[in-house]
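Colleague: So you can see what is in the structure, the chains are spelled out below.
Number of protein chains: 2
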Amino acid sequence: MQEKLRQHIEKIIPLSDEEFAFVLSHFTVKQAKKKTFLFRMGESVRYSYFVVSGLLTLIYHDDTGKQHIVSFAMEDWWESDYQAYFSQTAAGMSLQCLENTELYCLTLQDYRKLCSGLPKMEHFFLQKANAGHVGSQRRILSFLTSNAKERYEQLLQRYPALLQRVPKTLLASYLGVSRETLSRLGPSS
Amino acid sequence: MQEKLRQHIEKIIPLSDEEFAFVLSHFTVKQAKKKTFLFRMGESVRYSYFVVSGLLTLIYHDDTGKQHIVSFAMEDWWESDYQAYFSQTAAGMSLQCLENTELYCLTLQDYRKLCSGLPKMEHFFLQKANAGHVGSQRRILSFLTSNAKERYEQLLQRYPALLQRVPKTLLASYLGVSRETLSRLGPSS
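Heads up: the protein sequence lines correspond to chains A and B, in order.
To convert, note that position 92 of the first sequence is 92 in UniProt numbering; the numbers rise steadily by one, no gaps.
To convert, note that position 99 of the second sequence is 99 in UniProt numbering; the numbers rise steadily by one, no gaps.
Calculated directly from the structure, the hints in this document are not laboratory data.
There may be inaccurate statements among the hints.
One copy or two, either will do: identical chains are not told apart, so a pair holds if it fits within one copy or between any two.
[As the list claims (entries may be wrong)] Computed list of lysine-lysine pairs in PhoX-like fashion (alpha-carbon distance at most 25 Å, straight line):
1. Lys120 with Lys35
2. Lys113 with Lys35
3. Lys120 with Lys149
4. Lys149 with Lys11
5. Lys113 with Lys34
6. Lys30 with Lys149
7. Lys168 with Lys113
8. Lys33 with Lys66
9. Lys66 with Lys113
10. Lys168 with Lys4
11. Lys66 with Lys4
12. Lys33 with Lys11
13. Lys113 with Lys11
14. Lys66 with Lys30
15. Lys120 with Lys34
16. Lys4 with Lys113
17. Lys168 with Lys120
18. Lys11 with Lys35
19. Lys120 with Lys66
No experiment lies behind these values; they were computed from the predicted model shown.
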């Protein structure tokens with residue numbers, strides 16, 4: 001499990017054994033069962049999560065109780081409600097495990113300590129934040145320019161593994177279409 | 001003009017005069033007339049832009065020639081096609097001035113030099129990237145959960161000044177609605 005976090009970070013910055021031990025000392029480990037909520041809307045968001053294995057989904061429940069899937073996060077991804085995390089306000093979304101999931105958890109305080117204690121970790125997080133920003137820009141564009149079928153095909157092309165693991169109802173919500181519409185989009189649905 | 005960049009950075013990190021001079025040496029200044037394209041789809045993206053005064057819009061032209069507004073950037077905002085900028089690939093979008101605009105321009109090479117030469121700038125950019133990521137997450141959520149009228153009202157509430165400055169056709173495109181639909185949404189349209 002440690003090796004996965006180390007490999008993930010070392011894709012961007014090299015770490016000595018001492019440095020990695022320092023990094024690791026800022027995280028706590030969590031094993032969460034399928035269906036567990038890591039936080040729910042209205043609760044405090046204590047952690048940013050790194051997924052070692054398993055699958056998370058960020059969910060927004062609207063006033064009518066309908067759920068909207070904001071994102072999925074699988075192995076090697078980071079996830080949280082970042083607005084709530086960085087501003088230490090109540091969660092505007094819920095984060096749920098879709099599978100049994102192994103996580104590294106990082107509080108905002110430890111994130112800051114880690115960055116100031118080992119400045120190259122700031123470089124690492126900057127790369128991840130930029131990549132996240134690019135991914136979001138791409139998704140916004142897909143909402144503006146693509147219909148549901150195209151968005152489905154883009155997802156299939158980028159993350160084929162994800163489609164095998166995500167319940168179709170949630171996939172439909174992620175794409176912003178009804179379950180019935182999704183059924184018409186492809187053989188794998 | 002220098003004071004605006006300095007104040008913008010000093011909201012996050014303090015800078016000595018020497019440090020600010022070092023920061024400034026990595027930027028070039030550009031004055032661009034209204035309607036100028038800073039880059040067009042297919043061209044290389046040389047810079048990340050900081051807007052000192054004026055207004056930019058990031059535009060995607062689809063295969064049919066229809067334009068989609070991905071974002072607006074006014075004073076104190078950073079803008080670019082970040083996927084193209086960070087990966088040094090051709091622009092997938094165009095960046096245009098909607099007003100006469102004063103800009104600070106930063107190449108990727110200078111961005112990297114600046115971060116390695118003055119590591120606290122990495123901290124600054126991390127804060128901006130995280131804020132950008134949060135803003136994108138909010139916009140994705142608004143596409144999933146809000147109708148055009150709600151998205152219009154959210155925009156009005158967050159950026160009242162923007163609505164006075166942006167042509168209604170572009171505003172409609174940003175919201176993902178037709179110009180006619182926008183006209184029905186509010187008295188200011």
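Colleague: Between copies, within a copy, both or neither: which fits Lys113 and Lys11 at Cα up to 25 Å?
Modeller: both (22 Å within a copy, 20 Å between copies)
Colleague: Which holds for Lys168 with Lys113 at a C-alpha limit of 25 Å: within a copy, between copies, both or neither?
Modeller: Neither. Shortest intra-copy (40 Å) and inter-copy (46 Å) distances fail the 25 Å Cα cut-off.
Colleague: Please work out whether the CA atoms of Lys66 and Lys113 approach to 25 Å or closer within one copy, between two copies, in both situations, or in neither?
Modeller: neither (38 Å within a copy, 48 Å between copies)
Colleague: Using 25 Å as the alpha-carbon threshold, which applies to Lys120 and Lys149: within, between, both, or neither?
Modeller: Cα proximity of Lys120 and Lys149: none, with 42 Å in one copy and 44 Å across.
Colleague: Could you figure out if Lys168 and Lys120 sit no more than 25 Å apart (CA to CA) within one copy, between two copies, both or neither?
Modeller: Classified as neither; 40 Å inside a copy, 45 Å across copies.
Colleague: Quick one: Lys113 to Lys35, C-alpha cut-off 25 Å, is that within a copy, between copies, both, or neither?
Modeller: neither (32 Å within a copy, 45 Å between copies)
Colleague: From the Cα coordinates, with 25 Å as the cut-off, is the pair Lys66 and Lys4 best called within, between, both, or neither?
Modeller: neither (36 Å within a copy, 44 Å between copies)
Colleague: Can you give me the call for Lys66 and Lys30, within, between, both or neither, at a CA distance of at most 25 Å?
Modeller: For Lys66 and Lys30, the Cα distance exceeds 25 Å both inside one copy (29 Å) and across copies (48 Å).
Colleague: How would you classify Lys120 and Lys66 at a CA-CA limit of 25 Å: within, between, both, or neither?
Modeller: This pair counts as neither: shortest intra-copy Cα distance 42 Å, inter-copy 43 Å.
Colleague: Please sort Lys120 with Lys34 into within, between, both or neither, judging by C-alpha distance up to 25 Å.
Modeller: Neither. Shortest intra-copy (34 Å) and inter-copy (40 Å) distances fail the 25 Å Cα cut-off.
Colleague: Please sort Lys33 with Lys11 into within, between, both or neither, judging by C-alpha distance up to 25 Å.
Modeller: Neither way: Lys33 and Lys11 sit 29 Å apart in one copy and 42 Å across, limit 25 Å.
Colleague: Is the C-alpha distance from Lys168 to Lys4 at most 25 Å within one copy, between copies, in both cases, or in neither?
Modeller: Result: close neither inside a copy nor across copies, 29 Å intra and 49 Å inter.
Of the hints listed earlier, those the structure fails to meet are numbers 1, 2, 3, 4, 5, 6, 7, 9, 10, 11, 12, 14, 15, 17, 18 and 19, in rising order.
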